[in-house]
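Protein chains: 2
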Amino acid sequence: MTTSDSQAANRVAGQPSGQPEAPAVGLDRIDLLRLLTAEQRAVVARQCRWRRFAADEQLIDHWAETRDVAFVVEGRVRVLSHSAGGREISFSDIEAGELVGEMSALDGRPRSASVVALGDGALVAFLPAKPFQALVTAHPELAMEMMLRLCDKLRGATDRIMELSTLGANNRIHAELLRLAKRGSRQGASAVIAPIPVHSDIAARVSTTRETVARVLSDLTRDGMLERRADALVVRDLSRLEMLVEDVRGGP
Amino acid sequence: MTTSDSQAANRVAGQPSGQPEAPAVGLDRIDLLRLLTAEQRAVVARQCRWRRFAADEQLIDHWAETRDVAFVVEGRVRVLSHSAGGREISFSDIEAGELVGEMSALDGRPRSASVVALGDGALVAFLPAKPFQALVTAHPELAMEMMLRLCDKLRGATDRIMELSTLGANNRIHAELLRLAKRGSRQGASAVIAPIPVHSDIAARVSTTRETVARVLSDLTRDGMLERRADALVVRDLSRLEMLVEDVRGGP
Numbered sequence: 001m002t003t004s005d006s007q008a009a010n011r012v013a014g015q016p017s018g019q020p021e022a023p024a025v026g027l028d029r030i031d032l033l034r035l036l037t038a039e040q041r042a043v044v045a046r047q048c049r050w051r052r053f054a055a056d057e058q059l060i061d062h063w064a065e066t067r068d069v070a071f072v073v074e075g076r077v078r079v080l081s082h083s084a085g086g087r088e089i090s091f092s093d094i095e096a097g098e099l100v101g102e103m104s105a106l107d108g109r110p111r112s113a114s115v116v117a118l119g120d121g122a123l124v125a126f127l128p129a130k131p132f133q134a135l136v137t138a139h140p141e142l143a144m145e146m147m148l149r150l151c152d153k154l155r156g157a158t159d160r161i162m163e164l165s166t167l168g169a170n171n172r173i174h175a176e177l178l179r180l181a182k183r184g185s186r187q188g189a190s191a192v193i194a195p196i197p198v199h200s201d202i203a204a205r206v207s208t209t210r211e212t213v214a215r216v217l218s219d220l221t222r223d224g225m226l227e228r229r230a231d232a233l234v235v236r237d238l239s240r241l242e243m244l245v246e247d248v249r250g251g252p
Numbered sequence: 001m002t003t004s005d006s007q008a009a010n011r012v013a014g015q016p017s018g019q020p021e022a023p024a025v026g027l028d029r030i031d032l033l034r035l036l037t038a039e040q041r042a043v044v045a046r047q048c049r050w051r052r053f054a055a056d057e058q059l060i061d062h063w064a065e066t067r068d069v070a071f072v073v074e075g076r077v078r079v080l081s082h083s084a085g086g087r088e089i090s091f092s093d094i095e096a097g098e099l100v101g102e103m104s105a106l107d108g109r110p111r112s113a114s115v116v117a118l119g120d121g122a123l124v125a126f127l128p129a130k131p132f133q134a135l136v137t138a139h140p141e142l143a144m145e146m147m148l149r150l151c152d153k154l155r156g157a158t159d160r161i162m163e164l165s166t167l168g169a170n171n172r173i174h175a176e177l178l179r180l181a182k183r184g185s186r187q188g189a190s191a192v193i194a195p196i197p198v199h200s201d202i203a204a205r206v207s208t209t210r211e212t213v214a215r216v217l218s219d220l221t222r223d224g225m226l227e228r229r230a231d232a233l234v235v236r237d238l239s240r241l242e243m244l245v246e247d248v249r250g251g252p
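These protein sequences, in sequence, are chains A and B.
So for the first sequence, this note's numbering puts the first residue at 1; every next one is plus one.
So for the second sequence, this note's numbering puts the first residue at 1; every next one is plus one.
If you are wondering where the hints come from, they were derived from the structure by calculation, not from laboratory data.
It cannot be assumed that every hint is accurate.
[Stated by the list, open to error] Using C-beta positions, here's what the derived DEER-type ranges look like:
1. P195(B) with A38(A): 40 to 46 Å
2. P128(A) with G86(B): 47 to 53 Å
3. A189(B) with D247(A): 46 to 52 Å
4. D247(A) with I196(B): 49 to 55 Å
5. Q47(A) with Q47(B): 36 to 42 Å
6. R87(B) with Q47(A): 46 to 52 Å
7. G108(A) with T137(B): 19 to 25 Å
8. L118(A) with L148(B): 28 to 34 Å
9. V25(A) with G156(B): 20 to 26 Å
Idealized CB from N, CA, C, for every residue including glycine.
Use the sequences and the hints to build the structure in full.
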């Protein structure tokens, strides 16, 4: 690859050719970097390689030797892996303003999963490992924020290990529905989940099959606990679902 | 509790009464704190509450409102949780020189698991959340080291989620045996695991029952892959076990 080829590959789609620089918005939307001044953010933005991704395109390949951290400036991305049989196991969806791929950038070890774009047009800024490490070392408040994010992920992973270790697929689907319902809007005793979650997404998040998800949701609908509207899934009695989950999960 | 009672409870067993101070060894053995000077370590040691624990005694209660980080100065401890039915799920064993309970100390949120002493005489120094946060904020190299430790735990958790999501109990036991064998000593094609691991410990680590572990180990012994000696378990052909695990797990 020649230098100009590589510049062309690095620039944001739609930018004038030969200008591998950041778009005007820069990294202002990245939550972690709000702790920096606008000038400091602009310096970081210029150290990044910027790229736009189409739906399902891979930002980070589980098996590639890359170590950059990826700032998701626009769009959404999904962290996932596959079983030997090809079943998708998803870890988390990362929204615009967040970052992903920080583990390999910090510890230099291989990628723990792949990351793909959800929907067209995700804009991602890749910062190489060395400047990322320099950044968290130079700013203690940024290092603390990174530790809090790692703790948050580790807590999520611990909860999932407990669910996988102690709950059957049915109850894991109930627990996932409860999480979605708590993030949804409330209407009296009900909670509205919109848009309607895709069965295969729920299956990948709780490590089961799409068919099992379809069966459990249909059982809940028959029992009157769930109602499918045109554009939303309604948990008709949130506290009843909560009890159903707490009963099998145990607690203090 | 009176002040002198509380001092008595806080002091190290065997120290003269009325002196709630650190033992001579202090925190010199704590790996993370090697990045500090001896003087800085001594300051931290004096901020700690020191206590010795008997076997199976709880250092950290999953449901208690404590937020201290615990430095394990002597002995070993185990991080674990229980299912609603009372089955033990273990997360990791922490050796002398390591720390545990750092998540709640950093993010102020509830404990994610309990921690119990393995064997008698574990000596633990508890540092409250505020001075621990001040410590990592004041020393960037210590913050980086904490990030690396959190990454390491998160990688372990991710691997376990993949195993729980994609492997049956039999194959998870094979994978755990492989991990133990790789840490053991080599004798030609064999690997020696000593002391012999307890079935219930393997069961708690891979989220299955003791009976399943007993059955799988006995199957492997009958097939000639495993040999039980008086004081060790021998994996007779490490590469064959490796292939067995890789076949079902998939990989690059």
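Legend entry - Status of the given 36 to 42 Å range, CB of Q47(B) versus CB of Q47(A): Given range 36 to 42 Å: holds, Cβ gap about 39 Å.
Legend entry - 46 to 52 Å as the expected CB spacing between Q47(A) and R87(B), which holds or is violated: holds (49 Å)
Inset, instruction - Take a look at whether the Cβ-Cβ distance between L118(A) and L148(B) falls inside 28 to 34 Å. - result: With Cβ atoms ~30 Å apart, the hint holds.
Inset, instruction - May I ask you to test the hint 49 to 55 Å on the CB atoms belonging to D247(A) and I196(B)? - result: violated (38 Å)
Legend entry - Pairwise beta carbon distance, V25(A) to G156(B), judged against the given window 20 to 26 Å: violated (37 Å)
Legend entry - Supplied distance hint 19 to 25 Å, evaluated on CB atoms of G108(A) and T137(B): holds (24 Å)
Legend entry - C-beta pair A189(B), D247(A): status relative to the range 46 to 52 Å that was hinted: holds (50 Å)
Legend entry - Consistency of beta-carbon spacing, A38(A) to P195(B), with hint 40 to 46 Å: violated (59 Å)
Inset, instruction - Hint says 47 to 53 Å; check whether the CB-CB distance for P128(A) and G86(B) agrees. - result: holds (49 Å)
In terms of the numbered hints stated before, the structure departs from hints 1, 4, 9, listed from lowest to highest.
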